[in-house]
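Novice: So you can see what is in the structure, the chains are spelled out below.
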Amino acid sequence: NAGVTQTPKFQVLKTGQSMTLQCAQDMNHNSMYWYRQDPGMGLRLIYYSASEGTTDKGEVPNGYNVSRLNKREFSLRLESAAPSQTSVYFCATRGLAGGETQYFGPGTRLLVL
Amino acid sequence: AQSVTQLDSHVSVSEGTPVLLRCNYSSSYSPSLFWYVQHPNKGLQLLLKYTSAATLVKGINGFEAEFKKSETSFHLTKPSAHMSDAAEYFCVVSDRRNFNKFYFGSGTKLNVKP
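Protein chains in written order, with the numbering used here: chain A, 29 to 141; chain B, 1274 to 1387.
It is worth saying that the hints were derived from the structure and are not from the lab.
Please note that a few of the clues may not be correct.
Some chain B residues well away from chain A (every beta-carbon gap over 12 Å; in silico) [stated by the list, open to error]:
| # | residue |
| --- | --- |
| 1 | V1277 |
| 2 | S1287 |
| 3 | L1329 |
| 4 | S1379 |
Within a straight-line C-alpha distance of at most 25 Å, the following computed SDA-like cross-link-like pairs (lysine to any residue) qualify [as the list claims (entries may be wrong)]:
| # | chain 1 | residue 1 | chain 2 | residue 2 |
| --- | --- | --- | --- | --- |
| 5 | B | K1374 | A | G44 |
| 6 | A | K37 | A | D66 |
| 7 | A | K85 | B | A1327 |
Have a look at the derived ranges for each label pair, beta carbon to beta carbon [claimed, not checked]:
| # | chain 1 | residue 1 | chain 2 | residue 2 | range |
| --- | --- | --- | --- | --- | --- |
| 8 | B | P1291 | A | R105 | 31 to 37 Å |
| 9 | B | D1281 | A | T33 | 45 to 51 Å |
| 10 | B | P1313 | A | D84 | 30 to 36 Å |
| 11 | B | K1382 | A | M55 | 27 to 33 Å |
| 12 | A | R100 | B | S1276 | 43 to 49 Å |
| 13 | B | N1373 | A | Q50 | 17 to 23 Å |
| 14 | B | R1370 | A | G44 | 21 to 27 Å |
| 15 | B | R1370 | A | D54 | 25 to 31 Å |
For each residue, glycine too, the CB sits at the ideal point set by N, CA and C.
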């Protein structure tokens, strides 16, 4: 029972390159989220998916796209990376049975040069 | 609209002394409130949550928080700090009408001195 997993753990990109961050959960949760964490700013919501087949924008969606591939997987894509997207990215899940509690993955550190 | 203000970006205490991390919230509806802890290079772990039951909430590792509606506060306390408590702590608010929107404070880094 791995909970929430994220790949890769660390990535370095050049400006303009693209990449996809992967998130998978084995908790059978309906809702999944992508956040970015920057120093002194807490976590900010990029996108979320309330259930399989639906996605919605959060607070800072510009420059990102998401795919809810199935109930387990929620990916975040950077089509053309920019230095401003250097951050730590966290995936989280929330299940109906668990109420409002979110469960977080270990994070992906992204450096855009 | 919901928002969270963590009043201290850094708090330093000595081991064995009390911990107080302050959080004020703004919510246009009945809020749910959470405290999460993040150890270095780790994900976030739930410490405790308030969801409209008892106003004094007990969490893991001896932490507790009190919901005070009149003061719009949800401060986190622990009677005696341990070295392992050194971490960053986040206060989070959610609107119970929309459980998919969570608003994080900017975080408080707790340093525990031996």
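Novice: Which of the numbered hints above does this structure break?
Specialist: Hints 1, 4, 5, 7, 8, 9, 12 and 14 are the ones this structure does not satisfy, whereas the remaining hints hold.
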